Amino acid sequence: SAVISQKPSRDICQRGTSLTIQCQVDSQVTMMFWYRQQPGQSLTLIATANQGSEATYESGFVIDKFPISRPNLTFSTLTVSNMSPEDSSIYLCSVLTGGNEQFFGPGTRLTVL
Amino acid sequence: AQSVAQPEDQVNVAEGNPLTVKCTYSVSGNPYLFWYVQYPNRGLQFLLKYITGDNLVKGSYGFEAEFNKSQTSFHLKKPSALVSDSALYFCAVTNDYKLSFGAGTTVTVRA
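Chains as they are written, first to last, in our numbering: chain A, 1 to 113; chain B, 1001 to 1111.
Simulated from the structure, these hints should not be mistaken for laboratory data. A quick note: this is a predicted structure, and the numbers were derived from the prediction, not measured. Relax, there's no trap hidden among the hints.
With a Cα cut of at most 30 Å, we get these calculated DSS-like pairs of lysine-lysine:
1. B:Lys-1022 x B:Lys-1098
2. A:Lys-65 x A:Lys-7
3. B:Lys-1098 x A:Lys-65
4. B:Lys-1098 x B:Lys-1069
5. B:Lys-1022 x B:Lys-1077
6. B:Lys-1098 x A:Lys-7
7. A:Lys-7 x B:Lys-1049
8. B:Lys-1022 x B:Lys-1058
9. B:Lys-1098 x B:Lys-1058
With the rest of the complex left out, here is chain B (with noise of 0.2 Å):
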């Protein structure tokens, strides 16, 4: 079985400071994981993804993650957050296709 935890509902940050978004999973083998985001009445928009390689992964609008195996956690981090960043965040894993999701995490960051 395979699951995903972002253990916090909500993050409110100030415009221009740090965002990081938690994440941490379970599954067998080598993990899949990935990062999406959804903004109101919109479908989902892939952000990144880690799949091998090196444990720093960069994606879109300027995010990235920090993949740690010994703590497996996949947590997405922006070094400078935009009030267009506010959104629902959702971390996901496979370690086939089929895709377990996060609850989903609430960004809000404020002008």
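Isolated chain A (complex conformation) (with noise of 0.2 Å):
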């Protein structure tokens, strides 16, 4: 298994604005990924987080929306920018590890005003 933390844990936001979500892990793995749950509603995969290169991003989620980083193999970050009332989610980093479980962080639940 993996240990996940995600920062903060929560928020609320203005309209207009950005947030930057932390996703630490407590040992090196090849892959995370980042997904979102909107209320009362399912996880729906965002994108994977490439360590060394630009995320993979899934239908319906774009760069400029989400951008994200992970410059090594313990650590990503999420952005969701220009956020909208629609934004407002329970956003989940993830990793995978070599038993081909996810392993998901505790979430940081978003409220945009």
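Fit chain to chain and form the complex, with the hints in mind.
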């Protein structure tokens, strides 16, 4: 397994601003992911955070809105840019372990006013 | 394309009774199947997985799931439910590493 922490755990932000969410893992992992869980809904994959190269985004998500950094094998950030109330969600990072399991961080609960 | 269906939004059982949460999937190639549980205001916790091998897999907290290839199902089961099992359960599928999640099933176990 892996121990994953996220900062902040929650935030309330104003429309038009940006928020950067950090994800830290206690061991080196090859693959890290970012998911969104909109209120009362399931999880949707935003992107795969690639170390040393640009993130790979899923359909419906773009780099300008959700820039991602992955400077090393234990850390990644997701920025939610130019926020609107529709961005209010829980954002979760996950890592893929050697056993093909994905372990998830505790999530960042974002509310945009 | 891959997808998961959890046909029941809610499952209600009495404590001590068997619990089943249903999941069917669609994926190209061999499926990797997972169950996760989410407690209020907490992250997603891994319960169990099927990658290959025995169709019956055992996981955390006394849960198990049966992989049925012909029915493309991966139902989660627990022989005797506890009140503390009340939570939101997600089934997920992949054939590589990008997980697709079902809509989730809210389980309520009454004392």
